[in-house]
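Since the structure of chain W is provided, determine the placement of chain F with the ligands on it from the hints.
There are 2 protein chains.
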Amino acid sequence: MTLYLNLATLLGQRIETGLYLPGQRLPSVRTLSLEHGVSLSTVQQAYRVLEDLGLAVPRPKSGYFVSPTRRQMLLPASSRPAQRPVEVCQWDQVLELMRTSSRPDTLQLGSGTPDIAAVTLKPLFSALNQISRRHDLAMLRYDNIQGLLELRQQVARLALDSGCRLLPEDIVITTGCHEALSAAVRALCKPGEIMAVESPGFHGIMQTLKGANVQAIEIPTDPVTGISLEALELALEQWPVRAILVTPSCNNPIGFTMPDERKQRLLRLAQRFDTPIIEDDIYGDLAYGYPRPSSIKSMDKEGRVLLCSSFSKTLAPGLRVGWIAPGRYLEQVLHMKYIGTGATATHTQMAVAEFIAKGFYQPHLRRVRGQYQRNRDRVIRWISQYFPEDTRVSQPQGGFMLWVELSESVDTLRLNRLLTESSIQIAVGSIFSAVGKYRNCLRINYACVESAAMEEAIRCIAQSLNSAQTVHNCHPTSQSSG
Amino acid sequence: MTLYLNLATLLGQRIETGLYLPGQRLPSVRTLSLEHGVSLSTVQQAYRVLEDLGLAVPRPKSGYFVSPTRRQMLLPASSRPAQRPVEVCQWDQVLELMRTSSRPDTLQLGSGTPDIAAVTLKPLFSALNQISRRHDLAMLRYDNIQGLLELRQQVARLALDSGCRLLPEDIVITTGCHEALSAAVRALCKPGEIMAVESPGFHGIMQTLKGANVQAIEIPTDPVTGISLEALELALEQWPVRAILVTPSCNNPIGFTMPDERKQRLLRLAQRFDTPIIEDDIYGDLAYGYPRPSSIKSMDKEGRVLLCSSFSKTLAPGLRVGWIAPGRYLEQVLHMKYIGTGATATHTQMAVAEFIAKGFYQPHLRRVRGQYQRNRDRVIRWISQYFPEDTRVSQPQGGFMLWVELSESVDTLRLNRLLTESSIQIAVGSIFSAVGKYRNCLRINYACVESAAMEEAIRCIAQSLNSAQTVHNCHPTSQSSG
Ligand SMILES: Cc1ncc(COP(=O)(O)O)c(C=O)c1O
Ligand SMILES: Cc1ncc(COP(=O)(O)O)c(C=O)c1O
Chain W
262 MTLYLNLATL LGQRIETGLY LPGQRLPSVR TLSLEHGVSL STVQQAYRVL EDLGLAVPRP
322 KSGYFVSPTR RQMLLPASSR PAQRPVEVCQ WDQVLELMRT SSRPDTLQLG SGTPDIAAVT
382 LKPLFSALNQ ISRRHDLAML RYDNIQGLLE LRQQVARLAL DSGCRLLPED IVITTGCHEA
442 LSAAVRALCK PGEIMAVESP GFHGIMQTLK GANVQAIEIP TDPVTGISLE ALELALEQWP
502 VRAILVTPSC NNPIGFTMPD ERKQRLLRLA QRFDTPIIED DIYGDLAYGY PRPSSIKSMD
562 KEGRVLLCSS FSKTLAPGLR VGWIAPGRYL EQVLHMKYIG TGATATHTQM AVAEFIAKGF
622 YQPHLRRVRG QYQRNRDRVI RWISQYFPED TRVSQPQGGF MLWVELSESV DTLRLNRLLT
682 ESSIQIAVGS IFSAVGKYRN CLRINYACVE SAAMEEAIRC IAQSLNSAQT VHNCHPTSQS
742 SG
Chain F
262 MTLYLNLATL LGQRIETGLY LPGQRLPSVR TLSLEHGVSL STVQQAYRVL EDLGLAVPRP
322 KSGYFVSPTR RQMLLPASSR PAQRPVEVCQ WDQVLELMRT SSRPDTLQLG SGTPDIAAVT
382 LKPLFSALNQ ISRRHDLAML RYDNIQGLLE LRQQVARLAL DSGCRLLPED IVITTGCHEA
442 LSAAVRALCK PGEIMAVESP GFHGIMQTLK GANVQAIEIP TDPVTGISLE ALELALEQWP
502 VRAILVTPSC NNPIGFTMPD ERKQRLLRLA QRFDTPIIED DIYGDLAYGY PRPSSIKSMD
562 KEGRVLLCSS FSKTLAPGLR VGWIAPGRYL EQVLHMKYIG TGATATHTQM AVAEFIAKGF
622 YQPHLRRVRG QYQRNRDRVI RWISQYFPED TRVSQPQGGF MLWVELSESV DTLRLNRLLT
682 ESSIQIAVGS IFSAVGKYRN CLRINYACVE SAAMEEAIRC IAQSLNSAQT VHNCHPTSQS
742 SG
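From first to last, the protein sequence lines are chains W and F. Position in the first sequence (first residue = 1) + 261 = the numbering used here. Position in the second sequence (first residue = 1) + 261 = the numbering used here.
There may be inaccurate statements among the hints.
Claimed, not checked - With a Cα cut of at most 30 Å, we get these calculated DSSO-like pairs of lysine-lysine: (1) 451(W) / 619(W); (2) 471(W) / 619(W); (3) 451(W) / 471(W); (4) 451(F) / 698(W); (5) 698(F) / 451(W); (6) 383(F) / 471(W); (7) 619(F) / 383(W); (8) 451(F) / 451(W); (9) 451(F) / 383(W); (10) 619(F) / 383(F); (11) 383(F) / 619(W); (12) 619(F) / 471(W); (13) 619(F) / 471(F); (14) 383(F) / 451(W); (15) 619(F) / 451(F).
Said to hold, decoys possible - From the structure, some residues in chain W lie toward chain F, with a derived Cβ separation under 8 Å: (16) 288; (17) 289; (18) 291; (19) 295; (20) 393; (21) 396; (22) 401; (23) 403; (24) 468; (25) 599; (26) 606; (27) 607; (28) 729.
Since the hints were derived computationally from the structure, they do not count as laboratory data. C-beta: ideal position from N, C-alpha, C; glycine also.
Same shape as in the complex, but just chain W:
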């Protein structure tokens, strides 16, 4: 990161955490320049970023002040789903989301796509290009069923960052994290069996359970600390839960990263009930903080954790390159992978392996992490400006998704349909629950925040809220039959 962004991040954090209070005068440009050993213009650039983020305001001749109008946004409450196994529904809504996701003229705030236009991603095109120029026949063959060795070597190397010691033979490359999750679920659970999941939780996971006829038990989840271990323990005591599926780092949709100590306790719980854990770590590399969060897999000595991930969020989803480290379930997962898609496409695996091996991965991560963190703050500010007082928003610790909880009376399904007219698409909250809870919530993608368009969209969503109230017991209008 450049010097001024570093400084802006530091000051921003101090404002966020209340070290500097609303309306308080901020250190002068000269003071900061001396203190941090940077030039005056670097400090000025940093202040301009804070201004842009709405965190600081300049006053003529007196310097910068913490924005006095800053409203402290409330976090969503801990969720309280019904705690018994249920069949997953909501496929219609997911399909609607998929279908509208391909409209080119629509602002896709509901999608899960990262910033694929980042300049640090350019070498990926070159890798794809060079590989096809080599006319390497290997790219036309069925690949090894476990995936390209060169890529598994790189994945093993990267996994060290989350504390995992993996060998290439522990890893199976998959067609995206979707396939990793789907293979894991089908490897562990038979139809009718029960899996414990976070609530709210990624719709792809809910639908995977539906597709495998596995019942979901939705566990209350806190927007700061993650899945409730108390509620999970109760569920494990009461029901024959076959596996636990969590996204403990930079969670989708609510953005928390479970503290290490809670990850440890989750693992111990799983050990006590001899239950495997499917750990979806797809956003882990996009954590804003340092060091990158540990995976539960890194604490696991028994092969109990099936670690699933992909390069869809860190690089690009169109590549469809994911992976799973299934621990002691390797062979069952391989079987599911074989029947699901056979081998994985070779060309894109080669390109990703090359991109990482040549050292392009970490610089790209550094760039987008900073961008996403700044975008988060910006979007939260707009929401605090335009949305009703009782709106609650998550405080994501990584990734590029914001969870917004609106007044109980808002129906985001209706909201989404209203927004179609303004060519805006959001992800409705109900798809993040097995039974359609969270109808008053929505998820927004902030990977690319082109200030003007995005601010306008947030304002537009806020304006549509009134018309998107739930219709209560409305009497059917009588129709004269001809």
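Leaving out everything else, chain F with the ligands in the frame of chain W:
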């Protein structure tokens, strides 16, 4: 095809069908030249091909004669599997096949890879290359869940050749035919339900049933006319068969193409019992004869047939581009596709669409079809030369797979292990049955027949047969316990 290959094919067919008898004198070069309006050297080239195929022999000063040593190979008998629903096993053997498939020093006669070195495939590299040079961001995004429109348009166009009128919106692009089949099976059948399949049948299909906990009922299948409609009818009467899965054109592994009239009858049977048909047409475009076989789908007016295919056999399997036209089951299949892999990789879809749109597909097909047909004749000749008298081989009508039935006493699992020492790998017969039948059979890939190496391999397999006999009731050697 070139003139001389045309002529060679014609003469070859006349020899095959007995129009010219073994030892009989063939028309002179001059006669054929006049009759077919081609040059003398064209006829000579054609005769050299026939000589190469072992169909004709030259006699000094007397011209060409039908090879007198030609042995008429027997076809495999119609299969007689146990006709009741069973659980599929054999995953261990399939995994072994997968694992040995990636050994670079081994002659992969067990694999399903076509000739990927064909010059007519070169434009595919250019397409991949040009697309990545365009830096088109679309290739990094999640694709439309149904697949790239441009590719679905091309698939719809090609499907006309098998008599199908499809619209792009009828088609879902998949990660290979594997995903098409897997999505179809899971869309139609719940665990414990029963599906009727050909016996022998592609191991990927058997394993898909295993993975979905669907029971298989193996139906007797004839190496010339395909699945026994009588036996199928009986099965439909006796059991609650949820769906029928067939590979009716250029079948894998036994190479038949069901005559149109039998395809019609199969469809009527399915109508009578209101059963959907999953039609795997992956080799249909590689039929040697003209016109290309009709698909059952082309006869279906009710959306009863789910047509599955891919470009793995016609172009290259490493691309992982397949498709399904699921008829009235579109939405269920979409759901399974969504949870299986999400979208399909974009880059390779673009390349395949471009390859077809630019007119490279048909010339490539023409080239490899001719090559495969000649290879088939060559390999059958070698087998007739080197293998025991009682060997039976299939007479494939397309594709590049030969099914060899050996004496009952041969165990091809042992054979395969013996062959490892000679760096040869075959596909053992038992994986083509749900319960491990066909242990005395093997499947050989003849896509690339580099004369010397391949003839040598065939000889080597023949020589290993004696050591690969089943061990009958052998008394366990007594071991002194310490
Ligand atoms: C938590 C989570 N897991 C898995 C996936 C699927 O990832 P992929 O595109 O690699 O299949 C997503 C994508 O939205 C996700 O958010
Ligand atoms: C009959 C049949 N169906 C399906 C497949 C799988 O094809 P793909 O590689 O496109 O997944 C094969 C490949 O061996 C096959 O032979």
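(request) Grab the minimum C-beta distance from residue 607(W) to chain F and call the hint holds if it beats 8 Å, violated otherwise. (result) Since chain F brings a Cβ to about 4 Å from residue 607(W), closer than 8 Å, the hint holds.
(message) So, as I understand it, the hint says residue 289(W) touches chain F; can you test that by seeing if any CB pair is closer than 8 Å?
(response) violated (43 Å)
(request) Would you check whether residue 599(W) satisfies its interface hint, that is, whether its CB is within less than 8 Å of any CB in chain F? (result) Holds - the Cβ of residue 599(W) comes within 8 Å of chain F, reaching about 6 Å at its closest.
(request) Given the hint that residue 619(F) pairs with residue 383(W), test it: the Cα-Cα distance must not exceed 30 Å. (result) holds (27 Å)
(message) A closest beta-carbon separation below 8 Å is what the hint needs, so does residue 729(W) meet it against chain F?
(response) violated (26 Å)
(request) Compare the distance between the alpha carbons of residue 383(F) and residue 619(W) with 30 Å, and conclude whether the hinted pair is satisfied. (result) holds (28 Å)
(message) residue 468(W) was flagged as interface toward chain F. Is the shortest Cβ-Cβ separation under 8 Å?
(response) At 5 Å from the nearest chain F Cβ, residue 468(W) passes the 8 Å test, so the hint holds.
(message) Take the shortest C-beta to C-beta distance between residue 393(W) and chain F; is it under 8 Å?
(response) Result: holds, 4 Å to nearest chain F Cβ.
(message) Check the hint pairing residue 471(W) with residue 619(W) against an upper bound of 30 Å on the C-alpha distance.
(response) violated (40 Å)
(message) Between the alpha carbons of residue 698(F) and residue 451(W), is the straight-line distance 30 Å or under?
(response) holds (27 Å)
(message) Checking one constraint from the list: CA of residue 383(F) to CA of residue 471(W), max 30 Å. Satisfied?
(response) violated (43 Å)
(message) Please verify whether residue 383(F) and residue 451(W) have alpha carbons no more than 30 Å apart.
(response) Violated - the C-alpha atoms of residue 451(W) and residue 383(F) are around 45 Å apart, more than 30 Å.
Comparing the model with each earlier hint shows violations of hints 1, 2, 6, 9, 12, 13, 14, 15, 16, 17, 18, 19, 28; every other hint is respected.
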